[in-house]
Amino acid sequence: MADFMKILQQAQQMQGRLKEMEQELQNQTVSATAGGGMVTVDADGKGQIKQVKIDASVVNPADVEMLEDLVLVAVTEAQKKAAELAQREMGKLTGGMGLPFQLPF
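Residues 22 to 126 (the numbering used here) make up the sequence shown, in order.
The hints are all genuine.
Calculated lysine to aspartate or glutamate pairs in the EDC-like style (CA-CA distance at most 16 angstroms, straight line): (1) Lys74 with Glu98; (2) Lys67 with Glu45; (3) Lys74 with Glu89; (4) Lys101 with Asp63; (5) Lys71 with Glu98; (6) Lys102 with Asp65; (7) Lys74 with Asp90; (8) Lys67 with Glu43; (9) Lys67 with Glu41; (10) Lys67 with Glu98; (11) Lys113 with Glu43; (12) Lys40 with Glu110.
By construction, these hints were calculated from the structure, which means they are not laboratory data. The model shown is predicted, which means the values in this text are computed figures rather than measured ones.
Generate the whole structure from the sequences, applying the supplied hints.
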């Protein structure tokens, strides 16, 4: 029974660390650009988009599709960077062992 209590205590500690990590990720920022910096997207470490900056020179009413593509590329890259950051942080928490589950956020 003592082993079960120890496992339960370790699980509770891990849950607390996961909550701390989630908060830390929310406070971190990743940035991605597209079109040579014409579109910049900032996201938090959880992948939530916080800001989109668009250079005025790329705004062309005759070519809205290009602007849409640039925004999509920058958003996708920012979310990818956030996922990589979260994965690195999870690796620190788990000591590098690959766990068979995804982050809860």
